[in-house]
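First to last, the sequence lines map onto chains A and B. With the numbering used here applied, the first sequence corresponds to residues 1 to 299, in that order. With the numbering used here applied, the second sequence corresponds to residues 300 to 650, in that order.
Hints may be right or wrong, so weigh each one.
For each label pair, taking beta carbons as the anchor points, the in silico distance ranges come out as [what the hints assert, rightly or not]:
| # | chain 1 | residue 1 | chain 2 | residue 2 | range |
| --- | --- | --- | --- | --- | --- |
| 1 | A | HIS222 | B | GLU566 | 33 to 41 Å |
| 2 | B | ALA645 | A | ARG144 | 30 to 38 Å |
| 3 | A | SER147 | B | ILE542 | 21 to 29 Å |
| 4 | A | TYR163 | B | ALA645 | 32 to 40 Å |
| 5 | A | SER147 | B | PHE321 | 40 to 48 Å |
| 6 | B | LEU574 | A | ASP213 | 49 to 57 Å |
| 7 | B | SER588 | A | SER100 | 32 to 40 Å |
| 8 | A | HIS222 | B | PHE321 | 51 to 59 Å |
| 9 | A | ARG141 | B | ASN526 | 35 to 43 Å |
| 10 | B | ASN526 | A | SER147 | 16 to 24 Å |
Straight-line alpha carbon distances no greater than 25 Å define the calculated PhoX-like cross-link-like pairs of lysine-lysine that follow [unchecked claim]:
| # | chain 1 | residue 1 | chain 2 | residue 2 |
| --- | --- | --- | --- | --- |
| 11 | B | LYS490 | B | LYS302 |
| 12 | A | LYS195 | A | LYS235 |
| 13 | A | LYS93 | B | LYS302 |
| 14 | B | LYS348 | A | LYS145 |
| 15 | B | LYS348 | B | LYS563 |
| 16 | A | LYS84 | A | LYS195 |
| 17 | B | LYS601 | B | LYS490 |
| 18 | A | LYS84 | B | LYS490 |
| 19 | B | LYS601 | A | LYS145 |
| 20 | B | LYS485 | B | LYS601 |
| 21 | A | LYS291 | A | LYS231 |
| 22 | A | LYS145 | B | LYS490 |
| 23 | A | LYS282 | A | LYS231 |
| 24 | B | LYS601 | B | LYS308 |
| 25 | B | LYS601 | B | LYS302 |
| 26 | A | LYS195 | A | LYS93 |
| 27 | A | LYS235 | A | LYS282 |
| 28 | A | LYS93 | B | LYS490 |
Don't read these hints as lab results, they were simulated from the structure. Nothing here was measured: the structure is a model prediction, and the numbers come from that model. Glycine included, each C-beta is placed from N, C-alpha and C at the ideal position.
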Amino acid sequence: MPVALKRKILTNFITLSLMDSIMQVRDLSKSYGSVRAVDGVTFDIPDGSCFGLLGPNGAGKTTTIEMMEGILDPSGGEVLFRNKPIGRHFKEKVGIQFQSTALPEFITVRETIRMFHAFYPAPRPIDDLIEICSLGDIIDRDNRKLSGGQRQRLLLALAIVPYPEIVFLDEPTTGLDPQARRNFWSLIRRIRAEKTTVVLTTHYMDEAQLLCDRIAIMDHGHILEIDTPEKLLDKHFEGVVVRVPTGPDGEDVMEIVTENLDATMQELLTSHTNMDGLTIHKPNLEDLFIKLTGSSLRA
Amino acid sequence: MRKFTAMFKARTMEFVRDRGTFFWNLLFPVILVFGFAFAFSGSGNALFKVGVIGNDANTARPLAFLQIEQIEFIPYDEVTGAVERLRRHQLDMVLDLERDEYYLNSEAANGPILRMLFTAGNAPSATAPPPGASFGASVAADRFTEQQVAGEPIRYVDWLVPGVIGMNMMFSCLFGVGFVIVRYRKNGVLKRFKATPVSAFTFVSAQAASRLVIVVITSIVVFAGTNAFLHFMNNGSYLTLLILTTMSILAMISVGLVFASRIKSEELASGLMNLVTFPMLILSGVFFSLEGSPPILRSIAKVLPLTHFTTGARAIMLEGAGLGEIAPHLLFLGILTVALLAISAALFRWE
Numbered sequence: 001m002p003v004a005l006k007r008k009i010l011t012n013f014i015t016l017s018l019m020d021s022i023m024q025v026r027d028l029s030k031s032y033g034s035v036r037a038v039d040g041v042t043f044d045i046p047d048g049s050c051f052g053l054l055g056p057n058g059a060g061k062t063t064t065i066e067m068m069e070g071i072l073d074p075s076g077g078e079v080l081f082r083n084k085p086i087g088r089h090f091k092e093k094v095g096i097q098f099q100s101t102a103l104p105e106f107i108t109v110r111e112t113i114r115m116f117h118a119f120y121p122a123p124r125p126i127d128d129l130i131e132i133c134s135l136g137d138i139i140d141r142d143n144r145k146l147s148g149g150q151r152q153r154l155l156l157a158l159a160i161v162p163y164p165e166i167v168f169l170d171e172p173t174t175g176l177d178p179q180a181r182r183n184f185w186s187l188i189r190r191i192r193a194e195k196t197t198v199v200l201t202t203h204y205m206d207e208a209q210l211l212c213d214r215i216a217i218m219d220h221g222h223i224l225e226i227d228t229p230e231k232l233l234d235k236h237f238e239g240v241v242v243r244v245p246t247g248p249d250g251e252d253v254m255e256i257v258t259e260n261l262d263a264t265m266q267e268l269l270t271s272h273t274n275m276d277g278l279t280i281h282k283p284n285l286e287d288l289f290i291k292l293t294g295s296s297l298r299a
Numbered sequence: 300m301r302k303f304t305a306m307f308k309a310r311t312m313e314f315v316r317d318r319g320t321f322f323w324n325l326l327f328p329v330i331l332v333f334g335f336a337f338a339f340s341g342s343g344n345a346l347f348k349v350g351v352i353g354n355d356a357n358t359a360r361p362l363a364f365l366q367i368e369q370i371e372f373i374p375y376d377e378v379t380g381a382v383e384r385l386r387r388h389q390l391d392m393v394l395d396l397e398r399d400e401y402y403l404n405s406e407a408a409n410g411p412i413l414r415m416l417f418t419a420g421n422a423p424s425a426t427a428p429p430p431g432a433s434f435g436a437s438v439a440a441d442r443f444t445e446q447q448v449a450g451e452p453i454r455y456v457d458w459l460v461p462g463v464i465g466m467n468m469m470f471s472c473l474f475g476v477g478f479v480i481v482r483y484r485k486n487g488v489l490k491r492f493k494a495t496p497v498s499a500f501t502f503v504s505a506q507a508a509s510r511l512v513i514v515v516i517t518s519i520v521v522f523a524g525t526n527a528f529l530h531f532m533n534n535g536s537y538l539t540l541l542i543l544t545t546m547s548i549l550a551m552i553s554v555g556l557v558f559a560s561r562i563k564s565e566e567l568a569s570g571l572m573n574l575v576t577f578p579m580l581i582l583s584g585v586f587f588s589l590e591g592s593p594p595i596l597r598s599i600a601k602v603l604p605l606t607h608f609t610t611g612a613r614a615i616m617l618e619g620a621g622l623g624e625i626a627p628h629l630l631f632l633g634i635l636t637v638a639l640l641a642i643s644a645a646l647f648r649w650e
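Produce the entire structure from the sequences given, and follow the hints as far as they go.
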């Protein structure tokens, strides 16, 4: 098919079906030498939604999100923000929290916020930022002396300085303790309550299931599935998951997905399977991921 | 402008609060100046040094004075340069064989001794002076007329202080701008700024401006602090000195920015910067003069910004040079700054 025609069909498709998308990703690719880190991904972010990009390390999540942020130039494809290519003023409308960012040293939390505050034409008041991200207790602390959770809260505050229309969070809770993760989730919910669109990458399934309206599962630079968490589970699982450890030390796991639990249990009993450590649970995204990629998410 | 001010403030606070770097920038040059002041406080050479213009080879009656082994004779092309050195007590006498004149410094203690040696020792060696003849009746006294100049001596430390301040300036500009931006790039601070509406130009100029103010102030503090104890000679104006200092700092910052434009690794940056700072340390005459070194070294030195600072500052302080006389140095530093800024702007990458 001629490229021009293909492009036209693509454009029609965009205008027809996605009136309420804040961002559209079209056939996006990124190559490093001969390695295709992202290989032609296409999806839309509905305005005001929380979109989760899931995948194991090296799946291409960060590369994808950085192309959407306008930080990386794509090798192919395009990113549209409100139906237009990313323009000059995009940076004033977007909030970004990178996966790993050092903060300027020797200055305090308040001074850091003040500096970023001066970067934007119509910034959020500093007191609001302190209140939203609960930075009151650490406001005069040197950036170097912040804990992991405190750092992430400050970085989030910097991301929401411009009243962004869309916020990108790249693995915001990786490395935090359970308490700090829960705190951070409530911050994300608060931002969502302002109708801000949130795009987040994670490799925690519980996080995605709890926060996201739509989920894209990525591996090896491709999108494997994309839908709401409920629909994805309905589509791939009916019934429950039974797991039985096998092998001499239980290092292998036999996994049975069944609609008829009684029959399955009966079968296990009659076949004299050792049932030590057997678990039965409703399938979750973790199970879906293992089913789709054949590997554990955190591997 | 708000963006610029915000970045400027953050960077300056970072410097002031980084106690280690802050005190190192102030203390190190002070220690050096005092150390050298004490190490070289002795009067040094017992030998007399006489500057000679022209030569004595085809004169009918050679001067016996020129044969005295305990005197070092240094040939000069021009009488003015030699006399300037005499004025600063770097020479004890100047002998102009072309115009038949000799110069002595009236404020130097060894002037009368050399006058006696010169006039007395130059009686024609073949015929001994007639008994009772005064020293003044010698050939030298007949042929040469004496000229007097006056001037305070230059101590080594007077000569050294522009060098040490220049060296401090060089390190502070190269590492304080170049190295810091490379570190920002490596640890992702630059990437975070890239994601804001701040332009690369605003970011870089704020960094440079902050460093300019810091280095001007530290240079003044180091100079004033050591001057309070050592009372350096300054025959020029402080304003001229400040203008030269500012231009030199801008040139050094531009050198730092070229390194900062793209390099991602701190190790590579530090290696390359040492590659630049060490030749400057040696060839720009920080600690010793390059007069009399091979011409190739002197031509290399001429393209180094630090050379233009040390030479210019010494001309102002020791010889009382004005803005007009150091204009070539200012012009060179200005051109270098513009050229290096253009290069670093073309090379600059946030990541």
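*Which hint numbers doesn't this structure obey?*
Structure breaks hints 3, 5, 7, 10, 12, 14, 15, 17, 19, 20, 24, 25.
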